[in-house]
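K.L.:
All chains should be modelled from the sequences, with the hints used to inform the complete structure.
There are 2 protein chains.
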Amino acid sequence: MNRVMSAAVGAVPFDLALINASIVNVNTGEVYPGEIGIVGDRIAYVSEPNETGLDAASRYDCGGRFVLPGLIDTHVHMESGMMTPANFARTVIPHGTTTILADPHEFCNVLGLDGMAYCAEASRDILLRVLLAAPSCVPSMPGESNKMAFGPDEVGRLLDIPAAAVLGEVMDYVGGVRQDDRMMAILAEARKRGKIIQGHIINPTARELAAYMAGGVESDPESRLTDEALRKLRSGLVLECRNGSSARNIAALAPALKAAGYPVNATLATDDREPDDLLHDGHIDEAIRQAVRAGVPPVYAVQMATRNAALFLGRKDIGGLKPGAVADIVVADSLDDFRVGAVFVGGVLAAERGELVIDIPAGTSPIEQRNTMNLARLPVRDDFLVKATGETVLLNAMSFLNGDPFHTTLAPTRVPVRDGMADIGSVDGRVTMAVLERHNATGNIGVAPAANIGLQRGAVAGTVAHDSHNLFVFGKNVDDMVAAATCLARSGGGFAAVLDGEVLAEIRLPVAGLVSTKPVRELAAEVDAMKIVLRELGIDNHAPVNFLTWFCLAVLPEVRLTDKGLVETTTQRMMPLFAS
Amino acid sequence: MNRVMSAAVGAVPFDLALINASIVNVNTGEVYPGEIGIVGDRIAYVSEPNETGLDAASRYDCGGRFVLPGLIDTHVHMESGMMTPANFARTVIPHGTTTILADPHEFCNVLGLDGMAYCAEASRDILLRVLLAAPSCVPSMPGESNKMAFGPDEVGRLLDIPAAAVLGEVMDYVGGVRQDDRMMAILAEARKRGKIIQGHIINPTARELAAYMAGGVESDPESRLTDEALRKLRSGLVLECRNGSSARNIAALAPALKAAGYPVNATLATDDREPDDLLHDGHIDEAIRQAVRAGVPPVYAVQMATRNAALFLGRKDIGGLKPGAVADIVVADSLDDFRVGAVFVGGVLAAERGELVIDIPAGTSPIEQRNTMNLARLPVRDDFLVKATGETVLLNAMSFLNGDPFHTTLAPTRVPVRDGMADIGSVDGRVTMAVLERHNATGNIGVAPAANIGLQRGAVAGTVAHDSHNLFVFGKNVDDMVAAATCLARSGGGFAAVLDGEVLAEIRLPVAGLVSTKPVRELAAEVDAMKIVLRELGIDNHAPVNFLTWFCLAVLPEVRLTDKGLVETTTQRMMPLFAS
Chain Z
75 MNRVMSAAVG AVPFDLALIN ASIVNVNTGE VYPGEIGIVG DRIAYVSEPN ETGLDAASRY
135 DCGGRFVLPG LIDTHVHMES GMMTPANFAR TVIPHGTTTI LADPHEFCNV LGLDGMAYCA
195 EASRDILLRV LLAAPSCVPS MPGESNKMAF GPDEVGRLLD IPAAAVLGEV MDYVGGVRQD
255 DRMMAILAEA RKRGKIIQGH IINPTARELA AYMAGGVESD PESRLTDEAL RKLRSGLVLE
315 CRNGSSARNI AALAPALKAA GYPVNATLAT DDREPDDLLH DGHIDEAIRQ AVRAGVPPVY
375 AVQMATRNAA LFLGRKDIGG LKPGAVADIV VADSLDDFRV GAVFVGGVLA AERGELVIDI
435 PAGTSPIEQR NTMNLARLPV RDDFLVKATG ETVLLNAMSF LNGDPFHTTL APTRVPVRDG
495 MADIGSVDGR VTMAVLERHN ATGNIGVAPA ANIGLQRGAV AGTVAHDSHN LFVFGKNVDD
555 MVAAATCLAR SGGGFAAVLD GEVLAEIRLP VAGLVSTKPV RELAAEVDAM KIVLRELGID
615 NHAPVNFLTW FCLAVLPEVR LTDKGLVETT TQRMMPLFAS
Chain B
75 MNRVMSAAVG AVPFDLALIN ASIVNVNTGE VYPGEIGIVG DRIAYVSEPN ETGLDAASRY
135 DCGGRFVLPG LIDTHVHMES GMMTPANFAR TVIPHGTTTI LADPHEFCNV LGLDGMAYCA
195 EASRDILLRV LLAAPSCVPS MPGESNKMAF GPDEVGRLLD IPAAAVLGEV MDYVGGVRQD
255 DRMMAILAEA RKRGKIIQGH IINPTARELA AYMAGGVESD PESRLTDEAL RKLRSGLVLE
315 CRNGSSARNI AALAPALKAA GYPVNATLAT DDREPDDLLH DGHIDEAIRQ AVRAGVPPVY
375 AVQMATRNAA LFLGRKDIGG LKPGAVADIV VADSLDDFRV GAVFVGGVLA AERGELVIDI
435 PAGTSPIEQR NTMNLARLPV RDDFLVKATG ETVLLNAMSF LNGDPFHTTL APTRVPVRDG
495 MADIGSVDGR VTMAVLERHN ATGNIGVAPA ANIGLQRGAV AGTVAHDSHN LFVFGKNVDD
555 MVAAATCLAR SGGGFAAVLD GEVLAEIRLP VAGLVSTKPV RELAAEVDAM KIVLRELGID
615 NHAPVNFLTW FCLAVLPEVR LTDKGLVETT TQRMMPLFAS
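Just so you know, the protein sequences line up as chains Z and B, in that order. Everything in the first sequence is counted per my numbering, starting at 75 for the first residue and increasing by one. Everything in the second sequence is counted per my numbering, starting at 75 for the first residue and increasing by one.
Check the hints yourself; a few may be wrong.
The list makes no distinction among identical chains, and a pair is therefore deemed to hold if it is satisfied within one copy or across any two copies.
In the DSS-like style, the derived pairs of lysine-lysine whose C-alpha atoms are separated by at most 30 Å in a straight line are [claimed, not checked]:
hint, residue 1, residue 2
1, K390, K332
2, K592, K332
3, K266, K390
4, K592, K605
5, K461, K638
6, K390, K269
7, K269, K638
8, K592, K638
Worth flagging that the hints you see were computed from the coordinates, not collected in a lab.
P.N.:
Here is the structure:
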């Protein structure tokens with residue numbers, strides 16, 4: 075601190091000066107030539123416009139490029155990157171991200187309280203500044219079969235850990251709006267600690283939104299519609315404009331940002347992005363590009379990812395090129411086509427031309443070794459067979475429309491009966507789907523037909539299944555289903571695609587059945603290979619791996635399969651398999 | 075909370091609906107017709123544009139007028155209003171102010187730690203939301219004779235009281251920039267508690283400003299120049315644009331706000347306003363009018379006093395018409411000529427057409443009864459006489475230019491000697507000035523000539539003398555000086571003007587010698603009467619009472635008189651009375 079101040083007044087030289095920079099001033103929206111003086115991990119001085127010649131021990135010539143604060147993602151589940159925190163950091167820092175607010179609710183659904191502990195431990199000393207959200211909705215809905223349910227006591231304990239900056243997305247907005255006791259008690263835990271409360275509410279009416287906000291919710295990443303976004307901005311909610319792998323909402327939200335005068339209560343977020351998207355397309359830098367393409371002024375797009383994010387998070391030490399702030403700085407080639415050239419983290423050059431130039435230790439945690447495939451027993455054929463009588467039987471099924479994973483409908487399906495079993499796979503456009511509880515060895519297995527997934531042959535299994543992350547498997551062929559599910563039961567989890575008994579592709583995610591310890595390039599290659607196989611098997615979706623992960627999420631409309639069977643999600647009622 | 079949420083979703087009616095309103099949406103900058111639903115002290119719902127017909131137990135017809143959040147003053151010394159907190163609240167609420175950040179450093183200079191305790195106690199239950207600053211600079215400069223000096227321990231204790239929202243203005247910016255031990259330790263106390271740090275730095279160079287901010291300072295109300303303001307805005311400092319009684323800076327700052335794209339890091343503040351100005355011209359409403367007159371867009375002027383202030387203060391419950399926020403709401407007749415028509419505080423109609431319509435209890439505190447005129451003894455003629463030999467003597471004097479209280483220069487003055495005494499009063503344009511220590515009965519008295527105050531006859535005394543608030547008296551006539559000083563020594567403090575032994579006007583401020591328990595109209599009448607007398611005696615200043623209060627502030631350039639004698643403030647060195 076003292077050395078920072080001494081350098082600021084010119085009593086001692088700076089450690090490092092960024093020279094020949096076009097400074098993007100996120101406070102005023104101006105862009106002007108200047109220099110930046112750094113001491114230790116802090117910004118000590120940002121020059122006046124056109125000032126040159128800062129006295130410094132070393133210099134970095136920005137070559138006239140744009141210099142701005144490190145980028146902030148205000149809402150991300152690192153687990154969707156399928157990487158450990160260290161590998162996530164190695165992946166996103168070259169894209170300019172220096173701070174994320176990570177909600178480890180996937181880890182927590184599998185590991186319980188250890189999920190938060192793991193994320194906190196594995197996020198230490200990885201250069202990336204990781205703020206954590208204490209998950210509010212574990213499970214996402216009461217009664218789901220995840221590892222354990224977090225009540226107010228558990229959430230309170232998580233909020234007390236030093237890295238916990240916020241209460242994570244309050245997804246149970248039905249509970250939030252209708253004042254369900256558990257949800258109200260959890261909100262109270264956050265309020266009494268003065269914590270920020272992040273939300274999750276899809277296209278609410280103005281009245282629903284008001285009730286939800288009156289409960290204390292301050293932000294939301296779920297806007298998909300222009301009107302929805304403008305309603306939220308007017309209400310003072312912080313609009314977290316999302317560019318995920320599946321949910322790419324920025325083009326729809328840009329007109330709302332314009333109508334709201336490019337307000338301070340809007341940030342950028344990624345929520346869920348897969349490893350290959352992170353590697354190839356980028357992270358918040360890609361969100362900025364999407365915003366600019368959608369007509370958002372480039373400097374405002376940068377302000378969303380820096381100043382606005384820091385204001386939302388109540389952090390004064392990040393999000394601005396400000397004396398005393400942490401020297402997290404991005405050098406970008408252009409503002410219109412936002413390409414990150416160099417990244418400084420805490421005053422140290424961390425990445426150049428998309429490559430990390432500094433070592434980030436991998437870190438290890440005993441939790442990474444834990445096998446979370448806790449099935450009652452290995453799966454067998456009988457688990458996936460539906461006994462029936464007569465010539466045909468009418469079964470309830472969930473059906474996907476246009477490859478949209480976020481909305482299913484009920485599609486009762488007439489299925490022929492052969493040898494006392496419903497032969498679901500024989501029906502065109504239908505597969506048998508099963509969900510096997512894998513956390514507490516209850517032996518629960520839900521089975522039902524599913525329609526319009528696209529699969530023509532073989533079977534696919536996975537353990538990334540929002541939010542309970544049980545083992546799901548679906549196929550045209552019961553033997554292949556057994557093979558795919560068994561593969562994952564033995565490997566510790568991930569994804570497997572099987573045809574005629576042979577595993578054609580596998581993504582191994584042994585850490586909680588959610589993430590790999592492999593570096594992003596290897597992992598992205600596995601994901602790419604899986605995508606090719608899934609398309610070969612008939613799943614013609616633009617993000618086929620991500621597509622699979624939403625099949626069991628009982629907070630999405632209208633029908634989902636869980637380990638307990640089909641759920642009508644709009645009413646939260648179980649549905650019989652046999653339609654009447 | 076639950077009832078707020080229930081009303082929001084429409085399950086029960088609102089307690090109150092504001093109908094027929096033009097809603098000024100400070101989140102988006104839009105203005106549109108709508109309604110507001112209130113439950114208890116909270117905003118439960120802000121309607122969609124053009125939505126009408128909210129179901130409520132009672133209604134308030136806004137008659138198409140503008141509705142916006144209650145106004146916030148981010149930096150004010152209530153003591154300059156010369157009123158108790160309750161009377162201050164009664165005065166400013168009808169002008170639309172519902173929250174202030176008050177820095178009680180005047181009280182603390184006189185009352186020590188009890189100054190903060192008094193302000194906290196007397197600010198409870200007065201409808202106005204009073205956030206307190208723990209004063210960082212008591213005294214304003216080491217070595218001053220105030221009641222007691224606050225070191226890091228005292229400031230730490232004050233920061234721990236619940237009402238303490240921030241560390242008050244770090245006026246010792248020399249200490250702040252040069253890393254004086256005491257100042258650094260005080261800053262550390264604030265930083266370790268995560269408190270906001272308010273600043274006070276006059277036209278710094280970019281380098282000085284950077285050092286000051288690196289120490290943790292986040293805001294400043296002292297900008298008087300356009301360039302100075304733009305430099306501060308670019309640096310990310312929160313620019314508190316001031317409209318005080320003497321310091322009226324908004325016209326000069328408006329071009330900087332424009333150049334900075336009307337940024338989020340700018341608020342409105344009053345710092346020091348006298349009772350008659352508060353009563354007749356107003357408070358933050360007047361600052362908004364000044365801003366609009368200076369070319370600031372009206373909605374942005376409102377945003378400065380609401381959204382921006384709340385963001386700076388880290389308060390989510392004020393500064394916006396937001397579900398769940400406190401129902402502090404202003405109804406204004408116009409945005410261009412901002413006149414407050416009605417004010418709701420916590421959902422209750424508190425003022426209409428400039429008049430309070432609700433009772434605010436006066437409150438009492440034993441501290442209000444405390445006599446703080448702790449002189450060693452009553453003043454006598456000899457105290458104000460300067461012994462000298464020869465026919466004339468050259469005395470150092472401070473001199474005012476153009477009635478500006480904020481800048482004095484050294485003006486050595488040749489004075490005739492009569493009967494062994496320097497006859498200062500006989501010199502045209504010169505008065506004898508004395509400062510008597512009044513806190514700890516040390517008997518310290520400083521005496522020196524002063525130039526260009528304007529006084530032609532009689533004498534004037536006061537106990538409001540930033541920041542140590544010792545008893546000052548100046549006059550053409552030593553007998554009148556004794557009479558004026560004696561008047562205040564007996565009354566408990568305030569201001570007195572004497573001619574030929576007769577007290578022509580007096581403002582009685584018995585609480586700490588700084589404020590009165592009288593209501594604003596009586597007090598403003600006393601101040602008006604005093605101004606007339608001061609002008610009759612020759613003090614031709616646009617704010618003559620306020621003018622007097624700066625004579626002793628040893629942090630202002632270049633020469634000031636204290637109880638220990640003349641100080642060269644630029645070097646902080648004592649000056650001899652006799653010039654060589």
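K.L.:
Each hint needs a verdict: does it hold in this structure or not?
P.N.:
Here is what the structure says about each hint:
1. With identical chains, the CA atoms of K390 and K332 are at most 30 Å apart both within one copy (26 Å) and between copies (24 Å).
2. For the homomeric pair K592 and K332, neither the shortest alpha-carbon distance inside one copy (41 Å) nor that between copies (51 Å) is at most 30 Å.
3. Proximity of K266 and K390 under a CA criterion of 30 Å is satisfied in both settings, with 22 Å inside one chain copy and 14 Å between copies.
4. Taking identical chains as interchangeable, the C-alpha atoms of K592 and K605 lie at most 30 Å apart only when both belong to the same chain, with a minimum of 18 Å there against 79 Å between chains.
5. For the identical chains of this complex, K461 and K638 are intra-copy neighbours only, at 17 Å inside a copy versus 102 Å across copies, given an alpha-carbon limit of 30 Å.
6. Taking the closest pair of Cα atoms, K390 and K269 come within 30 Å of each other both inside a single copy (16 Å) and across two copies (11 Å).
7. For the identical chains of this complex, K269 and K638 are neighbours neither inside a copy (35 Å) nor across copies (50 Å), given an alpha-carbon limit of 30 Å.
8. For the identical chains of this complex, K592 and K638 are neighbours neither inside a copy (33 Å) nor across copies (73 Å), given an alpha-carbon limit of 30 Å.
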